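Colleague: Below are the chains, spelled out letter by letter.
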Amino acid sequence: MSQTDVRMDGSAETRADREATPGSAGRRRERLVPQSSPADSYYGRPVLNEPPWHAPDIAGYLFLGGLAGASSALAAAAELTGRPTLARVSKVGALGALGGSLYCLIHDLGRPERFLNMLRVFKVTSPMSVGTWILTAYGPQAGCAAATDLSGRFPGLGRAAGVGAAVTGAGVATYTAALISDTAVPAWHDGYRELPFLFAGSAAAAAGGLGLLAAPLDEAGPARRLALLGAAVECVAATRMERRLGPVGEPLRRSVLMRLGEALSLAGALAGASMGRRSRVAAMAAGAALLAGSACTRFGVFRAGIESANDPKYTVQPQRRRLAKARAELT
Amino acid sequence: MAFDLDHSLAEQPTDGHRRVGFFTDTSICIGCKACEVACKEWNDVPEDGLDFTGMSYDNTVGLSADTWRHVAFIEQRRPLGHQEPGVGEMDFRWLMASDVCKHCTHAACLDVCPTGSLFRTEYGTVVVQEDVCNGCGYCVPACPFGVIGKRETTGVAAKCTMCYDRLPAGEQPACAKTCPTDSIQFGDLDELRERADRRLAQVREAGMTSARLYGHDPDDGVGGTGAFFLLLDEPEVYGLPPDPVVTTKDLPSMWRHVGVAAVALLAGVAAAAWGRTGSGTTGPRGRIR
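Protein sequence lines, in the order shown, are assigned to chains A and B. Per numbering that gives the first Met the number 0, the very first residue in the first sequence carries number 0; after that it's consecutive. Per numbering that gives the first Met the number 0, the very first residue in the second sequence carries number 0; after that it's consecutive.
Hints are computed from structural coordinates only; laboratory data are not their basis. Please read all numbers here as calculations on a predicted model, not as lab measurements. Heads up, the beta-carbon is just placed ideally off N, CA and C, and yes, glycines get one too. All clues given are correct.
Stretch-level coverage of chain B by chain A, calculated; a stretch enters the list once three of its residues show a Cβ under 8 Å from a Cβ in chain A:
| # | region |
| --- | --- |
| 1 | 75-81 |
| 2 | 105-115 |
| 3 | 128-134 |
| 4 | 137-151 |
| 5 | 231-240 |
| 6 | 249-258 |
| 7 | 267-273 |
Just chain A, same shape as in the assembly (with noise of 0.2 Å):
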């Protein structure tokens, strides 16, 4: 290792390399100090990576997921209290959302054909090893309801695949919040004690929609029931949320999509129980707002997320607040 004789202070003690401190070399000349503010950021450079998900993939699954696990538990409530069209259409809604919730999952991997890697184990530390084995314990309970009561083959096995549907189905309509909760995402992490909620709200509501949608007039009343609830319950965990997250809920509150969301979702569930009662027309437009709804309210809660990831501020203030409050109760 190199050593310098060259020194401006004219000492003749040198410091091996690692035992240099800055100044060792010679003392700096008296200046006045100006004051600046320190730094938040570095450039104002985020300090997280961004997530690689595509907002169509990743949002469309939470929207998708959501209508698939909501639909089943609302055609097994169907089935069991008489009403097989709406139960009909239901299980047959759920098998197409999860078709399309697998193929954008599969989709946004950076390698498709390795999805099964992700039945090598079972983490519980990881929200997305329990939502993959939660779809598959889903999936075929799906599939077989849908098939056995299209097919008019098989009922006693197809109503006990509904209710295993239903079961898992709520699962599946609700982990996707964990999923997301589990990030260093601000927006997402710290709105984990709502986001369940929401998204149970939501796809309660989506799932009432497709029953508007698609069911006759007299089987659509749990339907009608359903969204109204699920659009409820969504409106207020959204609320709920945005404020106890105090600036970091800022991405969310101004997010159009969330907004959007909550007017489509609010509208559609009072349509439906109101003109949708009597409308055939009426009940298929609500239905396709709660739908819409579901689908804003997911898109604006992964943009609002990815938001809150790619602003310095968010993840340094509430850490730096953090600090101040610990150092505060230490003296």
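Based on these hints, arrange chain B on the given structure of chain A.
Modeller: What follows is chain B alone, placed relative to chain A:
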């Protein structure tokens, strides 16, 4: 893994190996970027864009799948200890720091990996198995430091391995080996921590009162990091999070909330189907047999 947060890796060396790490002493970094080059060469890391950023001498920008060492350059009109800046009457200092994967004790990337591709090595480091990763990308938003990324060319996650292939041969990682000032020091983590404490005292004594260690504390939000730093300013100035917490710390509570929401969803559906039977224009037409 994330649920036993009290479990300390440092106390559990595996297979007779001790946990190794990096101590990056930024106070003697000269910004030569030899670490970046050595890392690229040894690990065959692809080119990550040849852009002129205007961010001082930093055109590397940050850590990613294709950048495993990143030298940050910070220009400030403030004095650096007793150093003579030599730029007229202006106070000026250049902070340079070589950033790298932290190899956290509680590594979120490893926790959330759904394929088991990311694993904890016998050296206590965190490594991606390229042939297992399916490119789901979950590790990327999980990392509180913005280290790991998904490589476009291969479609799988990539990050610093702390030269996992050099360690069995008794070699130190390429970046530490090449560092001309020993700003990057590699070794047993316990020994590095002791060395860092001594160095911090030395630097502070020399007038750098703002010097601090970053990532050395086993009680921090990620259980301490395998690669830790001596910084001369706040962590956020270097693009580091001031108080990173492993996201899986809250996962038990997340699962509880999900469980309640799932049950509530089923209850809501049941209430919608059975709650008002017979009212309005709808009603069950009898159970199907």
